[in-house]
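*Asks:* Sequence:
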Amino acid sequence: MFTKKHFIQIAEILKNQRIFLQNTNAEGFEKRILHSVESELIELFKTENPRFDVQRFLEASNPSQAEKELAI
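FYI, in the working numbering the residues of the sequence shown are 1 to 72.
Worth double-checking, as some hints may not be accurate.
[Unchecked claim] Using 25 Å as the maximum straight-line C-alpha spacing, the simulated PhoX-like pairs for lysine-lysine come out as follows:
#, residue 1, residue 2
1, LYS31, LYS68
2, LYS5, LYS68
3, LYS31, LYS15
4, LYS15, LYS4
5, LYS5, LYS46
6, LYS46, LYS4
7, LYS31, LYS46
8, LYS5, LYS15
9, LYS68, LYS15
10, LYS46, LYS15
Think of the hints as simulated: they come from the structure by calculation, not from any bench.
Using the sequences and the hints given, assemble the complete structure.
*Replies:* If you want it as structure tokens, here you go:
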């Protein structure tokens, strides 16, 4: 079973990968793969925990505007 700590760690990994892709000027293919992995994880998390907050996870797994600007 996943704990809150696991969700936070996975969201952080996804966020870091998004920042990395931004810094490397990745093409759409790489971004689509990351989005696909995230979608599959969300489905898994919802299955494991019906109260899983998808919106909160999406906010945590995407860099804020300030983080995006710092990464440039």
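*Asks:* Are the hints correct? Go through all of them and say.
*Replies:* Going down the list of hints, with the structure as the test:
1. LYS31 <-> LYS68: This hinted pair holds, its Cα atoms lying about 15 Å apart.
2. LYS5 <-> LYS68: With a Cα-Cα distance of about 24 Å, the restraint between LYS5 and LYS68 holds, given a limit of 25 Å.
3. LYS31 <-> LYS15: holds, 12 Å
4. LYS15 <-> LYS4: holds, 16 Å
5. LYS5 <-> LYS46: holds, 16 Å
6. LYS46 <-> LYS4: With Cα atoms ~13 Å apart, LYS46 and LYS4 stay inside 25 Å; holds.
7. LYS31 <-> LYS46: Since the Cα atoms of LYS31 and LYS46 sit roughly 23 Å apart, the hinted pair holds (cutoff 25 Å).
8. LYS5 <-> LYS15: Within the cut-off at roughly 15 Å; holds.
9. LYS68 <-> LYS15: holds, 10 Å
10. LYS46 <-> LYS15: Roughly 20 Å between the alpha carbons, so the hint for LYS46 and LYS15 holds.
Hint compliance for this structure: no hint is broken.
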